[in-house]
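4 protein chains.
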Amino acid sequence: MPTPLTDAQITEALTQLPYWSHQNNRLTRDYKFADFNEALGFIVRVGLLAEQHNHHPEIFNVYSTVNISLNTHDADGKVTHKDIDLANAIQKLG
Amino acid sequence: MPTPLTDAQITEALTQLPYWSHQNNRLTRDYKFADFNEALGFIVRVGLLAEQHNHHPEIFNVYSTVNISLNTHDADGKVTHKDIDLANAIQKLG
Amino acid sequence: MPTPLTDAQITEALTQLPYWSHQNNRLTRDYKFADFNEALGFIVRVGLLAEQHNHHPEIFNVYSTVNISLNTHDADGKVTHKDIDLANAIQKLG
Amino acid sequence: MPTPLTDAQITEALTQLPYWSHQNNRLTRDYKFADFNEALGFIVRVGLLAEQHNHHPEIFNVYSTVNISLNTHDADGKVTHKDIDLANAIQKLG
Chain A
1 MPTPLTDAQI TEALTQLPYW SHQNNRLTRD YKFADFNEAL GFIVRVGLLA
51 EQHNHHPEIF NVYSTVNISL NTHDADGKVT HKDIDLANAI QKLG
Chain B
1 MPTPLTDAQI TEALTQLPYW SHQNNRLTRD YKFADFNEAL GFIVRVGLLA
51 EQHNHHPEIF NVYSTVNISL NTHDADGKVT HKDIDLANAI QKLG
Chain C
1 MPTPLTDAQI TEALTQLPYW SHQNNRLTRD YKFADFNEAL GFIVRVGLLA
51 EQHNHHPEIF NVYSTVNISL NTHDADGKVT HKDIDLANAI QKLG
Chain D
1 MPTPLTDAQI TEALTQLPYW SHQNNRLTRD YKFADFNEAL GFIVRVGLLA
51 EQHNHHPEIF NVYSTVNISL NTHDADGKVT HKDIDLANAI QKLG
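Protein chains in written order, with my numbering: chain A, 1 to 94; chain B, 1 to 94; chain C, 1 to 94; chain D, 1 to 94.
In case anyone wonders, no lab produced these hints; they're calculated from the structure.
You may find that some hints are simply not true.
One copy or any two copies: either way a pair holds, since identical chains are not told apart in the list.
Derived lysine-lysine pairs resembling DSS-like cross-links, with alpha carbons at most 30 Å apart [unchecked claim]:
#1 82 x 32
#2 92 x 78
#3 92 x 32
#4 78 x 32
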């Protein structure tokens, strides 16, 4: 079972994750795309990463906007290294 | 600009849309799939319908669950025939 | 029923479509991506355009490569304005 | 490096894979869907399985048809257990 990270550990990890923030026990980022076409392409790419990591974000989409939120169910819904790892993989998508 | 439907019109339309409900000025349905794989396949299919209809839902996904919510921005965020039409198309996906 | 374009018309259209060529009565382009993740994101985006245009390419994918080929079934499998239009839309994806 | 399966091993595996055949050193299956919408949903689901298995098929799509072909690059393009495993996973999609 993954261990929740401390606030200091999360703050440290966020230095490598511009645009992400730590809110309500989640890592979260809002994306804004040109249109729905680009947004859905992104969602599919996040989905592929999620299956590879065997860890799945909350994904919320309205037209050209996508919000990704990450926490770990098996760690009382807190942020763990699994969330940091997936956020870093998503970050590399651009 | 599409006209908001009356409550009676929405109630009538919902007779053809089992599992959908009218809440907070939206048509909404919760889907539960076997896993994330099936959920993402569904999201992509909803996305294709949305582009064909030039009308886009709110899509919220957590692992095997998907919530679809529909309203019409150009009608003060109320439910119009555009929402009913897209809900009917999504309904045909199964 | 769309009319096949002449070779001169196709040559003219291709001046706006770098990387595309006219082979075996098709417009065709090979894409090379960083990995499968990027390739599948692209395929989904092409799919959304195809549904909007109500015109569908042949799509061939192996890992990070995607080949798109376009012709018009209703015009004896020749290239028509429908193929040029869709190629231009796909071109805008990058 | 995965070892190519013998013809007898492949024939045995195919008893659990109705609709699949062994042609030109590949496992291959043709799918026919109702429309492009259903076909693309399927392709995305195959893509998710491919990333999980870290093994990728050839995917060929024209409108409502999809051909999936599997072989193993690292085994001289022959069929290995990796192909059988992925075919079985795809088979479960329906």
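Here is what the structure says about each hint:
1. For the identical chains of this complex, residue 82 and residue 32 are neighbours both inside a copy (24 Å) and across copies (24 Å), given an alpha-carbon limit of 30 Å.
2. For the identical chains of this complex, residue 92 and residue 78 are intra-copy neighbours only, at 23 Å inside a copy versus 34 Å across copies, given an alpha-carbon limit of 30 Å.
3. Taking the shortest Cα distances, residue 92 and residue 32 sit within 30 Å of each other both inside one copy (16 Å) and across copies (18 Å).
4. Taking the shortest alpha-carbon separations for residue 78 and residue 32, both the intra-copy value of 26 Å and the inter-copy value of 24 Å come in at or below 30 Å.
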